[in-house]
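*Asks:* Once you've looked at the hints, go ahead and assemble the two chains, each given alone in its own frame, into the complex.
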Amino acid sequence: MKKQTIVLILIFILALGFRLYFAFQIPALDHEAYFNLRQIAEISKTGQPIFQDPLSYGGRTVVFTPFFQYLLALFNLIMPLALTLKLIPNILASSIVIINYLIAKKMTKDINASLFCAFISAFIPIYISETFNSASIYSLVIPLTFLSIYFLMDINKKRFISYFLITAILLVILHPSSFLLIVGLLAYLLMTKLEYLKQERAEIEAIMFLTFFSIWINFILYKKAFLSHGPFLIWQNIPPEIISFYFAHTNIIEAVIKIGLIPIILGAYIIYRYVFREKNKEIYTLIGLALACFFLLWPRLLQPGIAFMFLGIILTILFAQGYKLFFDYLKKTRIASYKNLFILLFVIIFIISSIIPSIYFTNQKIEQAPTQNDINALLWLKTNTNKEDMVVASLKEGYMITAIAERKNLMDSDFLLIPNSAQRFQDLRTIYSSNYKTEAIPLLNKYNVKYILLSDSAKSEFSIETLRYVDEECFKLVFDNQTKIYESLCKIEEI
Amino acid sequence: MKPLSQKQILSYSILLAVFLLLLIPSVRFLTDKPILPGAAPYYHLRMAEYIKENGIPNQDALISRPYLLQPYHLMMALTGNFTNIYLSSIVIPIICGLASLLLFYFILKQLKINSFDISAILFVLILSPLFIFLFSISNQYSPIIFLILLGFYLFIKDKYYFIPAFALFAIMPFFGILPSTISAALLLVYSINNKHKLKQFYTILSAMIILILAYQLPFIFYYGIPQKTEFIQSNILTNLISDLGSDIGFGIFNILLSFVGLYSVWKIKKQITAYILLLILLLFSFYIPQINIYLTFILAIFVGIGFSSIINMKWKIDMIRILTIILIICGLLFSTLSYANRMLNELPDKETIQSLEWLEENSATTNVVFSHYTKGDWIETISKRQVILDSQTDYIQNLDAKFNDSNAIFYSRNLKNTKSILGNYSIKYIWIDPSMKQGQVWTKEEQGLLFLLRNNETFRNVYSKDGIEIWEILMSS
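Those protein sequences? They're chains Y and R, same order as listed. Just so it is clear: in the first sequence, position 158 is 158 by my numbering, and no numbers are missing. Just so it is clear: in the second sequence, position 413 is 413 by my numbering, and no numbers are missing.
The hints are simulated quantities; they were obtained by calculation from the structure and are not laboratory data. A virtual CB, placed ideally from N, CA and C, is assigned to each residue, including glycine. Among the hints, erroneous ones may be present.
Stated by the list, open to error - Pairs of lysine-lysine residues, derived as DSSO-like cross-links and limited to a Cα-Cα distance of at most 30 Å, are as follows:
#1 Y/Lys-224 / Y/Lys-396
#2 R/Lys-33 / Y/Lys-223
#3 R/Lys-267 / R/Lys-157
#4 R/Lys-314 / R/Lys-267
#5 Y/Lys-224 / R/Lys-350
#6 R/Lys-444 / Y/Lys-446
#7 Y/Lys-396 / R/Lys-444
Unchecked claim - Computed footprint of chain Y on chain R; a stretch qualifies when at least three of its residues, placed anywhere within it, have a C-beta under 8 Å from a C-beta of chain Y:
#8 242–254
#9 311–317
#10 323–333
Isolated chain R, as found in the complex (with noise of 0.2 Å):
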């Protein structure tokens, strides 16, 4: 078989690219879902809404946490000046994705590698999970990755563009403590095997440092460091892997492969300091999952190496190698598929959407709402009315308390004690969808709040459509 010429590869690979990253919006769309699929990008669009309109803020209006800004907020907006800020939403993340593609093909050239393990690499890049969560759905990693990796090659290329890299660089703080940390990394491992570079890596740290100092530092001193939440359970293993659910894990057979591609690259060339920071990289990600997000590119070189050293192995049995090839690719496609089937059934639904905009035309503007933390991004920008809690837990104040309330509104069958919660957070509606029916909150029928729904004294039903109800709160605050 003759072998792909390098643009061969990388038309191929951005055509591959712009189908998988199109399929989640366009599917969505065709099927008459809202194009945004989860919770976060809702919380995305309606701070960039609220920057576009009233600037930057100190504090979020409609939940009581402070603000630090992101980075992705202020380009939604600023791109909203030209366009519709959902639509940025939408287009951001895979024009990112795209040109961050570009980036890692011309940072794999450059660090030398092979065309054919440039291109298995790409490959399964393409494939893995991660890839399509982080250039298809709304999130502010996808323009730091885009910004690291256009800072890597740059760093790499020559001493030329030192500045524009130092500068890349020197903005990360900006995005957060945890890239800049990963970015700085990165660079050192870059420089511990290339000497020349260790005076360029240590200006680039510095500055990285101080602005850290100047910009993050004083928020976590005056907010102190985000609270661990509990409530919000998950176990290393469903982190890591996507297929156990993850939406910011591994495939399985990425994981397997990467470690096949690991021993390849170790019989090759014992690059220890890259082996170190995969492994503390990793090893953090169990607790910190958002690593992993950092680790889709430099894991997915070793998963290309992986599959390339398998594709290229002497083999004795061709039957094997023709049935393991097929399968590592089935695998592969299993884990993207199954992930793009889960983005697809993700909520909202149309039906979701049209009760919020219900909630927003019949309800005051300082009523608040009270429903299950992960419905609160999509009452707070599509209903824009204020809520208990939402996904986005770091820095709300007395998250414990909050959590611990709104449980005892959803189990408690003591009608005295509800209204004096409900009082309390000055509640005015609540609103429930099938999914809190069917095991995210309760498991049986008039169970805690379902029960005392009944109370046509304190409850009115104002909305009950395709399983969605809204009711009232009655009482007196």
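So that you can see chain Y by itself, here it is in the shape it has in the complex (with noise of 0.2 Å):
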């Protein structure tokens, strides 16, 4: 076996024990996982996934595609679902240092890059806190973008066009980011045209078939959302107040944070000097990846977390070319005997800028995550109350109660195709901010809710320590263990 095939063996070792370490440091998953948990549970149940599904919103139909779904659900037949849930979408995020190997080899010929340019990936801050603990669809849609870049790098070979060709399908079959990787593609077709490179008929064909089944596939998939939301899907129902939180403002101190300081130094140096000064195919597929999250993230098309997870990687295999520039230019002066020096302040700047910070995100998610009183709560849901009850709880925790307690909720995070769903929050809020019972109670009514929820993850949602409206007379705590279940016992009618 080659050296640098161990290293890069090594890196990959290295980057998923990172994050198994935290992974396993606690038992239960992130709030957004329990979606795919219950799907995959109930596709290793009966072979097919919820899109009916009765406990959502009380009742509703979801809008997805279930292949990450199905492709979990096949390794829940050899290890415990939980176990699939923290093994196998770490071991899929982890591929990108080799993905990002394989890029980086290719555009700068040089392994030492390559293999600093994987090292990078490991630890890519965004990137490991967003996809280390939830189960998240981009542990694979991620991966599956810089392979499919890497296929096209090289369409000229028959065998990648297939391989090119796949991957893009599986992309767009999977999941709706897959517009971003067209809209690149073309920003990366239009550059190359304006820098008069030869344009590949190969790649022209790919790209121009990519965009057609891509538009459709979207089209069929969520044309009932399309036709309830219009072109307002892009924003996904969410209500406009909390649509802030999800599509926020973001600027260039927090792109440093979450993407790491030398991965955006050396990246947007190589977007510089090959947009402005000199050119590069290769570099131009990623350029122009780089550009539509630019561009989609400006008018707030995209959610920042997601851009800057495809900016990390972005960046960081720019870094490579840069680092190889850098070296090739030092090696020229003299200080190049201090080579070593150099290396070895990339690396301390890395471990402060990147290392440091993956490791403080990946805490702030952990103590984030939802609890063992939380989950001891929900398991009593689950025993003790009947199957048709709602039961309040915290927007993020929704999908839990549905999961876990297997009750439905009054709202999760998925807000595609519920009617009203901004009036529908307004009463979330009110439930638990509310100072008065008879401001709670017609709403509580309203939805038929039987229990509240209230746990740390709804006191910091709504900045409240407690239930202010609670009195004996209408509300039974029936369960209490620092995370607490109330009983909604009084109705209201009109005479």
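*Replies:* Here you go:
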């Protein structure tokens, strides 16, 4: 086995080990992972995902493509579900190390730069924190996106055409964020045209096919949602009160912290150099994708978290080129003998700006994850309440109500096709933050809510310490273990 | 593969068009639904029936709105002398569609477009949702399109056909300012590229301007420009793309292919004036969606050329070529079928008609019926009763006040207020269907008026079947 292969495997193991170390520190998954957990459990049980969900929002249609869930359900055949959701997404997400190495090697033809790039890819703070414990679909979407780009770079080789088509089609079927790749590839074609670079017929054909395919598939899959929300589907019918949370404004400092200083500086330099001074088709593929992220992020068409994950990886790959150019330049200077010192300097900056933020953000995610008390409360609901009962919980905990307690929730974070989602969110907020039971009880009656879950997460989401209107007459505390559950007893009727 | 002959192209196109244009009426008929879907066809039907029986009115008989003759109504009323008007409102668009297709084919031949491109253009045109809307659902635009195409064909043919072409374009102002403007723009673009036609163009333009001034302007002068209603909400993309719910929008693949077509045509021949016209029309279509209707045939040329250039492109990878072509055909079909499916399930259904017929039989002719404005045309046409608002909102007097009062009736839980507004409009019946309860008006049970209807001193349920309710108002006005 070649030396670099061994080093690459070690980097992969290190990346995976880092992720798993944090993932297994807590028994629970991130809140949003419980959607996948429930879907995978259902697929394992019945072979089909839940599209007509009787529990979410008290009953609704769920619009999604279940490819990722089916993939995980396959692993669920040989290992427990909890282990599947902790292990497999992390293996998939860690594969970015290998993919980035391949792209960097193709681009720079420099093994040291490619290995360093692979190493940095293992510690992109935002990518780790968003995927290490959430069974997030992005742990597959992101590697698949960059694998497609890698195959596209070599599309003149016959087998790579098929590989590109397979990965890109999978990506399109997997998740609508594949549009980002399409926009990126179109931007790439535009850049090569503007720079008078030779465009390969095969890549034009493949990109054209992919564009048509992606539009068609997404129109078919999300037709109902398109008809219901029109172009506002981009914002997923998120209630206006919280849309700024999902599509928040961002700034360069946030980007530096979430992506890492080294990739940002050298990556940005490479973008500048190859946009204004030099020409390189392979680099344009990545710059095209970066431009797509930037131009979708700017008018708030893309969530910053997602954009930063993509940008982080793009800049990390571009870093490899920057690294190569830097050391090539260094060789020509009088300080060439200090090469190792500069490598050490890179490593130190990398530790400070990437590894430490990675640890910080992962710990932060662990702190925000559901506690054992929350899980116990939900299990109590599962065993002590009727199947038809509706439970109100914070927005984050909506999926947990349906997945663990197996009860109806008032709301969760999937707003697609939900009529009056803004009104519902306002009602949810009133239920938690109201001072008066005359205000809260009609709302509890309106949605037939039987139980209220008051966890740390709900307290922080609605900035409350307790439900202020609760009294013994109308509310019974049925579970109390840091996380509380209240049963709603009263009804208000107009006479 | 042997290329199709001219005759084959035409006959296959007509066969495909006949099939698609008969699809919506025949399936609706076979599934026991009223053949005419939506609201507007019922308005045209009512006006044609009125004209046939009473002549051309100045004022709409059932709603406070002036009436400016639409030639389509006259056409339906005249055919009503030989046949049933309902039947003619089904047949006229289909005949206009087939005739327009034929004319379009001759125009494309006249413009020296090659056979392969012609077949691609006709194929994408017939499959476009707008073609189906125009020529299988009763609307005032189908004869206009036919006349524009006929006039244009005669105009480009040779100078001997100028007089009939002149006559056809000269009557365009009777159909409206928009079709006249678009016809003039079309002729201008053609004349700029064929300088010898400029003189003829100026003659036609003069006649059009004089007739617009004589026929349309006094009406506008007297009644003003139609008020833009804020309550019929729409947005640019929803208006433009049929797959996003627009009745008069383009399929998403038509839009994509039109870019390819524009690029291909630009490479061959830089038609700057045509591009400017298209750009202007597209820009205005964001605010006046009816422009899409007139763009159908123009855009089809670019879409068809885009499609044929993709087929004829030198492909390196044959597999991608085949996949792309299959995908485009599927995409075009998807928009068509999705639109057709929407129209097949569009209201009114049999139950709606039954309830409205019941209302006609069990109410006095002077009674006013209240409902959502989208139901107004059905109530006026089938029950033959007055309403507060219908979907033809142009020139309705005190439109915004009526809309605000309608909302007050729908959403107020104050009986006194509601009674007062109902009294002001002398409303005798309230007609409610399931769609109104499922989000069109109300989202909750016992919301607003639904709560007040429990008051049996004011409201009496006189009809309740298949989710449709008719409530009689008992109070004295």
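*Asks:* Mind checking the alpha carbons of R/Lys-314 and R/Lys-267 for me, to see if they're no more than 30 Å apart?
*Replies:* Between R/Lys-314 and R/Lys-267 the Cα gap is close to 16 Å, so the pair holds against 30 Å.
*Asks:* If you count the residues of the segment 323–333 of chain R with a beta-carbon closer than 8 Å to a beta-carbon of chain Y, do you get 3 or more?
*Replies:* holds (count 6)
*Asks:* Under the criterion that the straight-line Cα-Cα distance not exceed 30 Å, is the pair Y/Lys-224, R/Lys-350 satisfied?
*Replies:* holds (25 Å)
*Asks:* Given the proposed pairing of R/Lys-33 with Y/Lys-223, does the C-alpha separation stay at or below 30 Å?
*Replies:* holds (25 Å)
*Asks:* When you check the alpha-carbon spacing of Y/Lys-224 and Y/Lys-396, does it fall within 30 Å?
*Replies:* holds (25 Å)
*Asks:* What's the verdict on Y/Lys-396 and R/Lys-444, does the C-alpha distance respect the 30 Å limit or exceed it?
*Replies:* Measuring from Cα to Cα gives roughly 26 Å; hence the hint holds.
*Asks:* Going straight from one Cα to the other, do R/Lys-267 and R/Lys-157 come out at no more than 30 Å?
*Replies:* holds (27 Å)
*Asks:* Confirm or reject the coverage of the segment 242–254 of chain R by chain Y under the rule of 3 or more residues with a beta carbon closer than 8 Å to the chain's beta carbons.
*Replies:* holds (count 5)
*Asks:* With a cut-off of 30 Å on the C-alpha distance, tell me whether R/Lys-444 and Y/Lys-446 pass.
*Replies:* holds (9 Å)
*Asks:* Report holds or violated for chain Y covering the segment 311–317 of chain R, Cβ cut-off 8 Å, minimum 3 residues.
*Replies:* holds (count 4)
Comparing the model with each numbered hint stated earlier shows that all of them hold.
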